[in-house]
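Colleague: For reference, the chains in residue letters:
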Amino acid sequence: MSNPYIVLPVIFQLFVAVTLMFSWTNKNLQKLISVVGSLIALLISILLLLKVNQEGIQTMQAGGWIAPFGITFVADTLSALLVLLTAISGLAVSVFSVGSVRNARIRFGYFPILHLLIMGLSGAFLTGDIFNLYVWFEIIIISSFVLITIGGEKAQLEGAIKYVAMNLLASVVFLTAIAILYGLTGSLNMADLSLQVAKVENRGLVNVTAILFLVGFGIKSAVFPLYFWLPASYHTPPPAISAIFGGLLTKVGVYAMLRVFTLIFIPDTFLTAVITIMAMLTIFSGAVGALMQNNIRKVFSYLIICHIGFMLAGLGVYSTLALAGAVFYLVHDIVVKTNLFMISGLIFKFKGTYSMRLLGGFYKEQPLISLLIAISLFSLVGIPPLSGFWGKLLIIQGALDSANILLIGFIVLGSFLTLFIIARLWSEVFWKDPQELPKKEHIKYFNELKPLKKQAMLASVVFLSILSLGIGFGAEWVMRMAMHIAENLMDPSAYIQAVLGT
Amino acid sequence: MKTIIFKSASVYLLPLLLLFSVFILLRGHYLPGGGFVGGLMASIAFVIHSFANGVENTKNIVKFHPGFLMPVGLALALLAGSLPLFMGETFMTGLWMDQPVPVIGTVGTALFFDTGVYLVVIGVTLTIIFTISEGL
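Each protein sequence line maps, in turn, to chains A and B.
In this text, residue positions in the first sequence follow the numbering used here: the first is 1283, and each later residue adds one.
In this text, residue positions in the second sequence follow the numbering used here: the first is 24, and each later residue adds one.
These are computed hints drawn from the structure, not numbers from a lab.
Honestly, I wouldn't trust all of these hints.
DMTMM-like mimics (lysine to aspartate or glutamate), calculated; alpha carbons at most 25 Å apart, straight line [unchecked claim]: (1) K1736/A - E1718/A; (2) K1646/A - E1710/A; (3) K1436/A - E112/B; (4) K1333/A - E112/B; (5) K86/B - E157/B.
Partial chain B-side listing against chain A, Cβ under 7 Å, derived [to be verified]: (6) P94; (7) A98; (8) L101; (9) M115; (10) T116.
Cβ atoms here follow ideal geometry from the backbone N, Cα and C, with glycine treated the same way.
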């Protein structure tokens, strides 16, 4: 079962990164390579998804060492779909970076690191080995450390310290959990672990390990008690970097939770209760946090937390319908959050500030761009038939089936608060009478940019906006895929068989 | 640290340590050693030289910016890893020559991968050290 397609998204990103490093001094060449490379990566991941759709789960044993001894790469529909979304976000951010990232940052290797980050993300989605997952997490973290500090502004470094400290802590917890799991079962292959963990008699230790995994992934995906590093750091780097962070980094944590808690640890009532309570509090604290903020990037940061809560709620309900909802919401959220952070960068380029109090009159000045932005904002709120609606609908349906009224209450509350926050943002930024803002010397405003840069920034926002419209109107297709993924998650026997071949 | 003993010793230590680092690199397949440790040793050779003779002189020996070794090493490792793909094997499968080469032993893709690591480690370490000592 040798299958080179699976690692191709990973190898190709490394190839692009290496090529970019060779052209270290030529910044225009770097931009070209990055955009073309991202386009090809998108094609590769589309092919991978098509192949998985047609032929079922694909596996590859690295180095020819058979599972469970070697490192297995597995592409099921969930992995392939997330790799595709990573490639889409990567392309959008790469194009946006052409327009918005300053030359000083490009000189310090912005583009190679961006592609290494995308490589890490694709690897994390594709691996079938829990320790290898840890390694990909490390690659993601190290690249993101560089991206968050590159440029070295004071605010950036302050945010980076919090980000680095919390993520290293999460890695330690995650690694400890892996060590205990290996001690219990003697295996690291996730499919094999699924079989082995079920046989372990010391259930207490298994539950403790599950909680450790929950804490580790919880810090990374910013759920309730452990989220405070996210709003403290995501608004500090340039918008292109915030976009890829906001769109993808927390979602890897969610993916890892979805994978680990459906394959290795089948949650009992205690664990689902813990996850549900965490989900409710995450939704609440994210939404309330967003209410308090004035900086639009901080508002979006808190909204990330709020919406991570929705996905966690899907996992907490733990039924096919709710998991399908969580997957659908994940798809929607990656596209929309990436877009929102790029939009915040676009607004900054026009106005020179992120403060809602100072901004105003954007609609009067730029009606077309405002309408474009409205698409993403309305998808975020979840106005039917836009993309945010369907995921929430599925999660609520799932929660109704298990009669979890309290959870539904929190989801509805979260949605209303999101609506309120977005409505306030719209009236403050777009409708309020503009006030005269002082021109800042060090900022290059949008109309001072070269036409190519303007087009690059607009094109990436248009691309993701069309995509989120597409997810909303083509909801049936995405929903069918999400249902298929949820069925596979609830019944991992196909996954296990594909890996172990028994 | 600019004593005559240290200065003259560093001249002889540089080639010796470099040679030893290559030995560690080659030894690493079955025994302790390998690209990472070898790379660190090679960079230590340059660090000792720079302590004794000043960073500027060490830079003159290296001739090119050590950062250039990073993409070269990565490319070599990537090539070694993906070479089996072209032979119809899975990614990272070790391919070996039939006949052993004298002195080195049997040559396989693992050696090239390790050499890639070796180069990357030298590149990274020297870039860090040169950058820090520039700031001093």
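Colleague: Confirm or reject each hint.
Modeller: Now the hints, each set against the structure:
{"no.": "1", "hint": "K1736/A - E1718/A", "in the structure": "holds, 23 Å"}
{"no.": "2", "hint": "K1646/A - E1710/A", "in the structure": "holds, 13 Å"}
{"no.": "3", "hint": "K1436/A - E112/B", "in the structure": "violated, 50 Å"}
{"no.": "4", "hint": "K1333/A - E112/B", "in the structure": "holds, 19 Å"}
{"no.": "5", "hint": "K86/B - E157/B", "in the structure": "holds, 17 Å"}
{"no.": "6", "hint": "P94", "in the structure": "holds, 4 Å"}
{"no.": "7", "hint": "A98", "in the structure": "holds, 5 Å"}
{"no.": "8", "hint": "L101", "in the structure": "holds, 6 Å"}
{"no.": "9", "hint": "M115", "in the structure": "holds, 4 Å"}
{"no.": "10", "hint": "T116", "in the structure": "holds, 5 Å"}
The structure is inconsistent with hint 3 alone, although it conforms to all the rest.
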